[in-house]
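Protein chains in written order, with the working numbering: chain A, 1 to 338; chain B, 1 to 338; chain C, 1 to 338; chain D, 1 to 338.
Keep in mind the hints are simulated off the structure, nothing from the lab. Only a predicted model underlies this, so the values are computations on that prediction, with no experimental measurement involved. Hints should not be assumed to be uniformly reliable.
Said to hold, decoys possible - Which bits of chain D does chain B cover? Going by a derived footprint, with three or more residues having C-beta under 8 Å, they are:
#, stretch
1, 39-47
2, 65-79
3, 239-246
Heads up, the beta-carbon is just placed ideally off N, CA and C, and yes, glycines get one too.
Number of protein chains: 4
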Amino acid sequence: MIVVMKPKATPQQVEHVKQLVQEMGLTSHVIVGTERTVVAAVGDKRGVDKSFLENTEGVEKIVPILAPYKIASRETKTEPSEVEIRPGVRIGGKNVGVVAGPCTVESRDGLLRIAEAVKAAGAIGLRGGAFKPRTSPYSFQGLGEEGLKYLAEVREQTGLAIVTEVMAVDKVEMVAAYADVLQIGARNMQNYNLLQAVGQQGKPVMLKRGMSATLEEFLLAAEYIISQGNRNVILCERGIRTFEQYVRNTLPLAVVPELKRVSHLPVVVDPSHGTGHAYLVPAMCRAAVAAGADGLIIEVHDDPEHAVSDGAQSITPEAFAEVMGECAKIAQAIGRLL
Amino acid sequence: MIVVMKPKATPQQVEHVKQLVQEMGLTSHVIVGTERTVVAAVGDKRGVDKSFLENTEGVEKIVPILAPYKIASRETKTEPSEVEIRPGVRIGGKNVGVVAGPCTVESRDGLLRIAEAVKAAGAIGLRGGAFKPRTSPYSFQGLGEEGLKYLAEVREQTGLAIVTEVMAVDKVEMVAAYADVLQIGARNMQNYNLLQAVGQQGKPVMLKRGMSATLEEFLLAAEYIISQGNRNVILCERGIRTFEQYVRNTLPLAVVPELKRVSHLPVVVDPSHGTGHAYLVPAMCRAAVAAGADGLIIEVHDDPEHAVSDGAQSITPEAFAEVMGECAKIAQAIGRLL
Amino acid sequence: MIVVMKPKATPQQVEHVKQLVQEMGLTSHVIVGTERTVVAAVGDKRGVDKSFLENTEGVEKIVPILAPYKIASRETKTEPSEVEIRPGVRIGGKNVGVVAGPCTVESRDGLLRIAEAVKAAGAIGLRGGAFKPRTSPYSFQGLGEEGLKYLAEVREQTGLAIVTEVMAVDKVEMVAAYADVLQIGARNMQNYNLLQAVGQQGKPVMLKRGMSATLEEFLLAAEYIISQGNRNVILCERGIRTFEQYVRNTLPLAVVPELKRVSHLPVVVDPSHGTGHAYLVPAMCRAAVAAGADGLIIEVHDDPEHAVSDGAQSITPEAFAEVMGECAKIAQAIGRLL
Amino acid sequence: MIVVMKPKATPQQVEHVKQLVQEMGLTSHVIVGTERTVVAAVGDKRGVDKSFLENTEGVEKIVPILAPYKIASRETKTEPSEVEIRPGVRIGGKNVGVVAGPCTVESRDGLLRIAEAVKAAGAIGLRGGAFKPRTSPYSFQGLGEEGLKYLAEVREQTGLAIVTEVMAVDKVEMVAAYADVLQIGARNMQNYNLLQAVGQQGKPVMLKRGMSATLEEFLLAAEYIISQGNRNVILCERGIRTFEQYVRNTLPLAVVPELKRVSHLPVVVDPSHGTGHAYLVPAMCRAAVAAGADGLIIEVHDDPEHAVSDGAQSITPEAFAEVMGECAKIAQAIGRLL
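Only chain A is shown next, with the shape it has when bound in the complex (with noise of 0.2 Å):
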């Protein structure tokens, strides 16, 4: 952590921020300036809150120097971590992964055409939500335990992994005795008894940013899953929210190689939620496995028309396969399989 004192600081000012320093266990270093003198504060104190300094007569700013997250970082460990969705089935290598599937599970008989679809497309993953977390309360917010059920029958018949939302602390273990990853959404990314929950069960979590998380947030997020022992954690990036009125998210593309930069953890693309609008999906779909993704999670339903929700962002099937054509060719362009 940097100092910065204001130009006109006195001695006794500067001494005092060096004992508040000291206080905490680190140790300072003073540089005097031509306009401005800094106190570097060394030593690792993630979890101290340091902000009061501000507070601190003749203080300018603060300026942080460590990333707070330490277990997700690239630093802890330098080499990608892979996450086993299902035994033999991987995220965060060299092959691409998508999972693909309704917004919300309607009927058994649907679910099962559509995972049928995506599946002979190349899909290794199911995505439907039996818990879903409706903007307003009057929507549908889905079909609940017999939900998962119809998820865990599919799977039987496809063995395709199923991705699915946990939205409550007291559902983990209901949902967790279905699913093959727990699904965390943007809104509970900083639920953090629900992240610490899903961070006590052995199931791998897909954790969305939230949509106006920065990524150290985001991180920090994954860090609470992960400090409660549960080291099978994939990011997933669905759009943030920005001033742009086009998309229901702005999908910030950039964020697939930064994350990959800092931390180890696998990186998927939402671009169905990331653009809002089925004619954007294909081409993101597209730029996401071009920009380095490990995977991909979409909207695909057979009748969107009929779909209870997310209709306008849902693609078809056949859309679908066209666009797993088309990513099975620029993951190769890149060296990389799907």
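Dock chains B, C and D against chain A, hints included.
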């Protein structure tokens, strides 16, 4: 809802849209313009996801007309609501109510000292976190029930209403047993299970706006609580995330008159999180009152240099007393009392 | 500037950074921490682009310490500046100065009528566009010099100072011949040729913040003007672009105390563009004054239904008179005059 | 345009709105819904400011239906446009065209060296700034006409098309005399006088999106140019300003398919400004091509440590050659050529 057809939409496509509109239980009116045909769908189906229509052949876009919230709106209740937080103490009427206190409950004595100071300066409530949602898993997470006890004890001694955060469904009962107002933090604004849980108990709820929530999403979160039977919801603006870097959050005060225009719920402002810097807090307290806020919630600490959290944005009791004096005059200038 | 080295940076890489720092004329101090080595580069080279260092082997990131602006800062001039816009009429001292008028100059009679109304309510200046930067090439672009003449005539009759926008370098002389204050619009905040041109003439300049400009960029734009010799710069906040949709722009009032903290220049607020809706303007006028603004610039029209532009955000002379009364009391509450 | 009336709007208010709509030369259709009455105003009056209607009694809001741009839209011209930047060299067809070079023209020899390198790797154009819009008045502002001469000379030797920025109306003629493509920088996207000036000369224009411009504003800026007679406009996405801090700008690649959906103009992407960090540039080059971009514009420098500007985001000729190889394969994967 207005369905805007593409420039070259065929009559068959328009007909198909009319059918889909009717399937939803809405009636349709077709208007043929010079450049576009639009289908107006008449009726109130707020809970039904209509986005799929965008994916229908010939459709360019969907324009919603009705706000998706209902019982939180001024249409349902034209008079502003008042929320009684302690017998005889209300937020939402002519009085501007100020809640102040430390970010985190640290000790009984410290809490009492701060409580007495803010009460002397005119506060009606005491804030203080017993359960803290911390961005980092390594940060101090609060004293838990011990902190709640301190809060309740200080209420006995000062008469201040207690406002404290609840982060988890399984802690709602415990927090409600000690607190006067249950605070839902910004990170949990779309934690729907938690919203439902606080809606099912009787204590008033202070709902903080998520840092990138639209007003619609904010009011729908309030609607989640109210729809469970608890009408005592206080809305709290605490700043949004934007590109600005000189503040922790950007405090958009136009939200105050806008929320009061579209909703009957009282609106309070948190200038501490809304700026992140003690030196900006007094000006934003004054501005919030001038903008018409029904209350303020302010972080006050008598030793910010040793605050365990949010030291940078805590003001001292002296600064608090001074700004209360200014705010009282401003309240008077616009026909209110503080 | 602080150069943060990567965790495994070699001594050679640190040495190379020291050399590059010296090549720039700065002196270097190396601090070896527990997790990182940092090189502190001491000296004031604000105009030199140092970003390339980030591309140097072993470097993780660059952290600037000095603000890049200088003559606009409080360090250079500790007392707040006042700008005289007409003989004896100043913006920036104890008085809060209000400039009001139509978006566009439409006719001499209409302008005079509005001018007399706003003067009667306490305005010291008249705004009105003769050259209009319109988002669409098909919109009315203003009366040009004819509009300037009307403004000058109305000044003769009312004594109000004239504030009007200049959009092009080749019109600076013409606008300066008629106006008292040259306004640089938000879209032109980084039109550097225009900034230099208004810096080379003698009339005061009201510089509007670009809708996504950081405060650093804003003050550097002011610095462009001042560095040409014209110190009479008034900063104007008119709202920023965020994800919010219920307003045309988000008005971040914390900018007022922050700008006054880091700069000596006077700060005015434009609540008309800052909200975009007449029904939000009065509350934001009041809030801006309470936040410490040195002035307001407000769109007023006596027949908004027939305004050629910005009808939605123009308030009537009656509403203006009412809000002026409230603002006068608020000014008094904080020891100022309006 | 749809005028949504308030829930309790009176018949007189609806009637008044109908009259105002007719005054504008539009015809009105009234639809009485269950919760709202709406007035649909039919007709094409894109240049007329209709916002004032919002200020009319009984009106809740105005919803525009038609996009405000016209000649830049796909409705006016359904086939994608190609822009010829040098005899036989086009941007916008099957080929993906890459323009590369230094941020700033620094010397003839350096420029030639870089030009030969990027040409060898497949570039069709050379970028390089002679007039530089610098955020700080103290930064190097470019070599001016001398820089233009170097660019023209290097074109003679390499055959590369020259793309360079023009910042001022009075320099348009000079820059057009040397360059093949006139670039309008992001900061000048709404400098309407400059847009008109480049629209009145014959050279193609590369228009960069402003860092917080909506797509509508972007296309209206293009419309300013085209409406002056110059149809050779290339749109360039260079990143937008959001809350993200790990990048200089957030690169929203969904803009590529969206712009191509609503407009016929070619779209290129600038991954250098779009990220700000050399280590993120290659991934974003690949992603942009995969998303369907018609071209790329990339900063390349053979000695980034001594680049006078943008050193952090310049890639080396070696890195450029490598990413060109990958992009060529990706182009092929989606049926294009590079």
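Each hint tested on the structure:
| no. | hint | in the structure |
| --- | --- | --- |
| 1 | 39-47 | holds (count 4) |
| 2 | 65-79 | holds (count 3) |
| 3 | 239-246 | holds (count 4) |
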